[in-house]
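Peer 1: Residue strings, one per chain:
There are 4 protein chains.
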Amino acid sequence: MATLGAQVREVRRGSIEIHFPFSGSLTQQNGFVHAGAITSILDSACGYAALSMVPEDHDVLSVEFKVNLLAPAVGEEFCARAHVKRAGKVLTVCAADAFASKSSQEKLLATMLATIMAVQRR
Amino acid sequence: MATLGAQVREVRRGSIEIHFPFSGSLTQQNGFVHAGAITSILDSACGYAALSMVPEDHDVLSVEFKVNLLAPAVGEEFCARAHVKRAGKVLTVCAADAFASKSSQEKLLATMLATIMAVQRR
Amino acid sequence: MATLGAQVREVRRGSIEIHFPFSGSLTQQNGFVHAGAITSILDSACGYAALSMVPEDHDVLSVEFKVNLLAPAVGEEFCARAHVKRAGKVLTVCAADAFASKSSQEKLLATMLATIMAVQRR
Amino acid sequence: MATLGAQVREVRRGSIEIHFPFSGSLTQQNGFVHAGAITSILDSACGYAALSMVPEDHDVLSVEFKVNLLAPAVGEEFCARAHVKRAGKVLTVCAADAFASKSSQEKLLATMLATIMAVQRR
Chain A
363 MATLGAQVRE VRRGSIEIHF PFSGSLTQQN GFVHAGAITS ILDSACGYAA
413 LSMVPEDHDV LSVEFKVNLL APAVGEEFCA RAHVKRAGKV LTVCAADAFA
463 SKSSQEKLLA TMLATIMAVQ RR
Chain B
363 MATLGAQVRE VRRGSIEIHF PFSGSLTQQN GFVHAGAITS ILDSACGYAA
413 LSMVPEDHDV LSVEFKVNLL APAVGEEFCA RAHVKRAGKV LTVCAADAFA
463 SKSSQEKLLA TMLATIMAVQ RR
Chain C
363 MATLGAQVRE VRRGSIEIHF PFSGSLTQQN GFVHAGAITS ILDSACGYAA
413 LSMVPEDHDV LSVEFKVNLL APAVGEEFCA RAHVKRAGKV LTVCAADAFA
463 SKSSQEKLLA TMLATIMAVQ RR
Chain D
363 MATLGAQVRE VRRGSIEIHF PFSGSLTQQN GFVHAGAITS ILDSACGYAA
413 LSMVPEDHDV LSVEFKVNLL APAVGEEFCA RAHVKRAGKV LTVCAADAFA
463 SKSSQEKLLA TMLATIMAVQ RR
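Chains as they are written, first to last, in this note's numbering: chain A, 363 to 484; chain B, 363 to 484; chain C, 363 to 484; chain D, 363 to 484.
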């Protein structure tokens, strides 16, 4: 998150939005932001969305996720929006979309479906 | 679909809703509808949603899907709603949710993220 | 499982093999066995593999799975082989492959990666 | 790949092994290598495995992948092994495992199932 210059905006119970600016250091040889960076931001967004619904003394851990990469990641700014599909005592399931914005138009880049586990902080 | 007594309702370009009634023949020993039936209906819903956006002389084929099973499938009627996340020339990505309804209240049972391929009909 | 006429063979700790014969009642209009049947058998195989590694008073529950459908399901007999990738206290992760056999030659039909939860029997 | 200091070893048709050393710059606050780095290396391994089986004038593109994170990533060196489950004209399906090694003992960290597309180089 820090290496991506990411910033958490709009946290509500069960949903979240993360923004990060375009950075040359995240691009591949073709000028597109690396799928790994997009995946990390989606994973983080799912984690924060889940965290907003677990008890205060719990942390969250990604169990697994699936990502569909839908379009090359080009843009001035990127954002990921995640929401909780189901919050359970042990497992929380989240869906998230990543968008690129350019001149205030959004384009869907990738979508994730993730399973997250709540673990009591020690 | 036929064995499930399923019925397609509300087809729009890129989204679809399928309904099917509760049937004792689909239940497991515990009285819940089998996850396989819920998965099939989600897969069908994704297929129909994709089909609504491919050229007329094309069929669709499921490449892969991921399902999260969220709650035991009990209810009087079940429905699946799918929508296209991205329609491409070759691949279409769809998300779908399955719900049980009982006394007009809906409960989310399962959620799917699927990749579907368009193939020219011969 | 019963409707599929499936039979469990070769159970070892952490791995399992399930067989079922070709049946006309499982086929689609094109004569291929339905993806839903293949998915169910893979899901069952993963469940049994996980079950072989959880404490005796526990049952297993599919949390989520991903399936890649690799080839049309034609053959005289089908089998699914599953093995545990990691057995945890709460979650077990299994991989499984489904094969069609014809004249003792095997063809890979589908592959699954699944997350399974152990729940104490009441 | 470069930022991870990764090195490709043992390429055969349809399978590959990638190694990379432990680096403090990839760790999270808890000293574990970030799941994003493990996911990137698994994704790269799947891509290289697929690439070994597509025609020479084609590149590969990740369509989607699912990862199960199985253990915290600690170790002196990491490696990912990928193999092709099915190579098609358009789509190739790969499975990959990531391991940490410490004093020549290996521990499974994560497992991936991925769909990769071959695209003709322009």
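Calculated from the structure, these hints are not laboratory results. Treat the hints with care, as some may be off.
Remember, identical chains collapse to one label, so a pair may be satisfied in a single copy or spanning two.
What the hints assert, rightly or not - Taking lysine-lysine and the PhoX-like style, the derived pairs with C-alpha atoms no more than 25 Å apart in a straight line are:
id	residue 1	residue 2
1	K464	K447
2	K447	K469
3	K464	K451
4	K451	K469
Peer 1: Confirm or reject each hint.
Peer 2: Hints, one by one, checked against the model:
no.	hint	result
1	K464 x K447	between (29 Å within a copy, 20 Å between copies)
2	K447 x K469	both (23 Å within a copy, 11 Å between copies)
3	K464 x K451	between (39 Å within a copy, 24 Å between copies)
4	K451 x K469	between (34 Å within a copy, 17 Å between copies)
Comparing the model with each numbered hint stated earlier shows that all of them hold.
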